Structure formats: C-alpha cells, structure tokens
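For the protein sequence lines, the chains are E and U, in the order given.
Every letter in the first sequence is one number past the one before it in this note's numbering, and letter 17, counting from 1, is 17.
Every letter in the second sequence is one number past the one before it in this note's numbering, and letter 295, counting from 1, is 295.
Each hint should be verified, as a subset may be incorrect.
Heads up, simulated DSS-like pairs for lysine-lysine below, C-alpha to C-alpha not over 27 angstroms straight-line [unchecked claim]:
1) 31(E) x 89(E)
2) 30(E) x 118(E)
3) 118(E) x 36(E)
4) 12(U) x 240(E)
5) 224(U) x 238(E)
6) 214(E) x 118(E)
7) 89(E) x 240(E)
8) 33(E) x 118(E)
9) 185(U) x 238(E)
10) 224(U) x 185(U)
11) 89(E) x 238(E)
12) 238(E) x 6(U)
Hints are computed from structural coordinates only; laboratory data are not their basis.
Predicted, not measured: the structure shown is a model, and the values here were computed from it.
As a plain string of letters, each chain reads:
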Amino acid sequence: MQNAENILFTVSMAGYFAAMALYFLFIAMKKEKTAKIAGWVQTDALLLHTAALVLRGIEAGRLPMTNQYEFATCFAWALCLVSLIFMRKYRFNVLGAFAMPVVFLMMGYAAMQSRDIKPLMPALQSGWLAFHVSTAIIAYGAFGVSAALGAIFLMRGRMKEEGFLARHIPDADRVDQIAYRSVCLGFLFLTITIITGAIWAERAWGSYWSWDPKETWSLVTWIIYAVYLHLRLRRGWKGKAAAVFAVIGFICVIFTYIGVNTFLPGIHSYA
Amino acid sequence: MKKIWKFLSSMKFAVALLILLAAACALSSLVEQGLTREAYAARYGESMANVLLALQVNDAYHSIWFIALSGFLCLNLILCSVIRFPFFLRRYRREKTAGCRAIGLWGAWVCHLGILLLIAGFALGQMTLRETTVWGIPGDTRRMEETGLDITIDDFRTETREDASVAQYVTDITVTDPATGKTEKASVSVNWPAEVGGFHLYQNNTGPAARAVVTRNGSETQRKTLLPQQSMAESVLGLEDRPEYAFYFAGIRTMREEGQEDRTLYLYDLYKNGILEQSYYFFGEGSVEIGEDRITFTPETFTLLVAREDRFAPLAFIGGVITLAGLAMAFYLQPKKKETYHAER
Ligand code: HEM
C-alpha cells in the first residue's frame, strides 16, 4: 500500500508542476484556454494527492498528520485546495501562478523527508492532535493564498491598466478584499490551532503555555496577522501596508513550521 | 492630558505595541532561555553575555520590559473597550433592524474582551501557580509538598507495542491524607493527568534508578531509592550506622558486544571519609558487604510526576473561547450590505 501511496504522491507532484507551468504559460501566452487546462490539471492532481493521503491514513490507522513529511504534504494539499476554491469563487486564475510554486516547493520539501510510518510516541497519542493539526493545515493554506494575493497586489500597482494581465486580475481593491477574506479564514483557524494546542500541551506536558519556540512563533504569526487586520481599518494603510504584512505573516508561518524545528531548541521536536 | 489618553487608547499605539511584542518574542526565541551566566559567556562571549543578562534576555518572557509591554497592551485594550463602548452600542441600535446578523458588529469588542481575559488568566495563573514533583519507584511513598498528602507509587509500567516502541507510561498511585487516613487510588499516564487535592498530576519523566537495601543479620535496617549522578539527596546513600561510609550511584553504561544483546552496567562508588575507596559495577543486581552490613543494589526504573495547580487556567481558556467567538462574529456575522467589519469613524 505504501507503494501505491508513493506512486500517487509522485504523480500528483508532477501534476502540480504541470499546472504551475501551464499557469505561467497562460500569463506568457495570454491564452484563456491555457488557464482552463491548468485548472483541470490542478484539480486532478489534487484528487490523486487526496487518494495518497487517504491510503496513508488507512495504512497508519490514524490521520496522516504527525511528522514533517505528513504535515508538509497536507500543507501543500490545503494550499492547493484553498487556492482552487478562491480561484473559482472569484474567477481569478492568475492566483494559480502564485500559489502553485509554493505548493510544488512544499511537495518537494515533503519528498525530502522520511516517509516511514512510525508508531506515535505517547505525547502524540491524543485526540487533540487531529484537531490541532488539521486546523493548522487549513490556517496555513489560507495564509499561503493571502500571501500570494499580497504579492499580486504589490505587483499590480506597477502594471499598466490596459494589458492582458490587468484584465485577468481584479482591481486593487478587489485583490485586497479577497486577501482579507483569506486572512480572516486563516486567522480564525490559527486561533483554534493555538487554543487546541494549549489544551493538548496542558494534558501532555502539564502546562498550557511554556514559551516553547514553536508556541512563541505561532504567537508571533498570530500578532502579525492581528496587525494586518488593524491596518486594514485605516484607509491610508489599507492596501499596501496590509499586503506587506500578508507576505511577512506567511514568512512567519513558514519559519514556525520549518525554521523552528531546524534552528531552535524545543520540546516540539516533531512536526 | 486628553491627548495622552487618546493616544493610549488608540489603534496606532496598539499596532506599535503588537509589533514590538512580536519582535521581542521573535528575538527572545533565538536565545535559549534560563541558562547560567557561564553558558551564555561560552556561547556569546563575556561582554555579550553581560548585555543579555542586563536586559534579562535569559528570562525574557518574565522580564520587566516584557511585562511592561503586556501591561500597556492591556491598558490600551481596556481604554479602547471602555471609550468605544457607547459607539458600539449606538451603532448596534442603529443597525439592529438589519436582523440578527447585526450582533456581529460586536465582534471586535468581544474579541478584545476575550484577549483581556486570556492575558488576565495567564498572568494570574503565573503569579499563583503552585508546582511540585513526586518521583520514585514502585513501593516508595513520598509526601507531596504543598498539599500534605502522601503519594505511594504502587506500580510503574512502560507499555510497548509489538515493534518495541513505547506506547504509554503508566504510574498507579495511592493517595493518602495523613490527617484523615482516607485513601484514594489513581492512575497517571501521558496525556491523561490525574487530579489529586486540587493539583493535576502529570506523567513527566522516567529513567534508570537503583534501590539500595541495607540488611544486618538478615533484617532490613535501611532502604533508599537512588538516581544516577544527581545531587547529594538523590544519588548518595549514607550508612546510618557507619557515618564514615557513603555510596554514590555513579551512573549506567551500555555494554555492546558482537552477537550479544546489549547489557546494562550499574556503577557505584564507595567513599570513606569523603575519599573514594572503591568502585563497583554490576550487571543487574549486586551487593557489597561492610562488616556485618550487606548493601544490595537492585536496578529499577523511576517515574517522575509533576504536580501543578493553576487555578486561573479556566479563566484563560474562557478568554480564548471568547476571543474565538468575537473573531467569528467579526468575520462572518456582519450585516449583509458591508463586506468587512469596517468601523466608521
Ligand atoms: C492583543 C491584541 C489586540 C490589541 C491590543 C488591540 C487593540 C485595539 C485598539 C487599541 C483599537 C482602537 C480602538 C479605537 O479606535 O478606539 C483596536 C481597534 C480594533 N481592533 Fe483591536 N486589538 C487587538 C486584537 C484585535 C484582534 C485580534 C482583532 C480581530 C478582529 C481586533 C479588531 C479590532 C477592530 C475591528 C477594531 C476597530 C474597532 C473600532 O474602532 O470600532 N483587534 N484594537
């Protein structure tokens, strides 16, 4: 079964690459059709990826979200899903060209991790794990999308109004608005992630908040997005400053996820 | 004067504080907390270590400046909530006709309230926290400080799976109240704390230990549980009838030989008048004779339980839930005509 899972993983990763290339092509060639094909490829790859995750879940007998490999592949999955939803909902295909590279890189990071299914250490055996990690994945996916939108916003300011791209990117206000919606989604889920994590930490370690680097960085991320939400209330800072914070926020997300494990000591040594 | 109040309650101040707080947390996380001066000096150099310690970066999250930042944050939130309350009320009254979704107009206010309760719960919890530990091997009874209860460790098990990975650590205990003589049984394992005398007991640690039993003419005269390489109190056995002698549990070694299973070696040092007299090593159980006293060392596994009482954790939890509710209201329960929760000013 792990073989089948590996094949599905590899095929979906190739699919994501193809979708990314097609989105680039869409921007370069300015052909609507290309974007449509890219959308199909992305959707199919996402389905195969889902199948890979389900297979792994069955094989392991638990949710496949407990180590760096599993979390990375789920992260890519969620980012792909959320970007697809936002692209459909807001008819916004250019987003694919910004989201898919991150999806692909995250799959690449996953591919470099060990794929062994290991039994869970006692601290990880908790019903809160599923809750904590699945909400984190949704939050991270939504933040990925808002960072892509922030980047689009910052680039859009420099584009000519008339061009092909400008026609395919909603106006600046709209981009800002959509980015805001995805930050809201991410922020709500990040808040749930931190609360469920605290409840779990209390049960497993005896203290619901101990300033472990991973906890601290999730708080830093939370604060950055809280600043984003406040900045949007000011007319003058709404677009540009907010877009910058959406990008900084996502850098914090990535650091919380990868950087903390790599560079900082802590008790959160697994994913 | 009025200007100062206005600034203290302003969103500008909030944003500045939040950015400072995020930066403080981020930078502090790069410096390992709670090390000794020597450790910092070895890592960063003498002068940098002095700077770090002067700025209390070694215990950043309890430092004066961190608490001050948090205090200003609370002040800001309280002022903003109080001053803006009439505005929220007026706006709500005006929009009420738009249907039940108008309740979402309170979202930001409720969210701020939740954050305040959360910080209050956390701060009060830190100030009133009571914490102690209970450790030992099956058969040991310890007084649990702070509560005056006696904890007897009845059993400690490491449950493993087929592939020898650890599934769970379980400590069974009996709690006795010496005042009333009442007893109660409980079981503690990872992720499943027990409640004893208002404290939560957590399975925290385990490792090798040794039981030392002294007998004279076949009857036991002394007994102690030793931990390897710890302090005087935990790894030294002083003989009561021969004060010049003391055993020190010097640690364990793993012996690895080709084609054989790993074997664990237990090392004990015997001191006489503070001078090393002899070292002993045993595979498993072993004993030493001094005159008519026989000292028997048996390998054991200790369990360490952490006991904590945080009476304000529920307040922090409620604060978290209220924050969450406020966010959901602010984001998803606004009167239809508005896309965002923009406050008009
Ligand atoms: C520790 C975190 C926070 C602090 C210190 C803080 C502080 C403040 C302050 C001082 C204001 C200005 C109020 C005024 O203009 O009179 C404000 C406004 C606001 N904040 Fe926060 N806030 C925090 C978190 C949040 C979060 C997480 C949200 C999420 C939605 C939020 C939503 C708002 C909104 C909507 C306003 C405008 C309210 C209004 O003026 O009508 N705040 N905040």
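Output the indices of the hints that this structure fails to meet, ascending. 2, 3, 5, 8, 9
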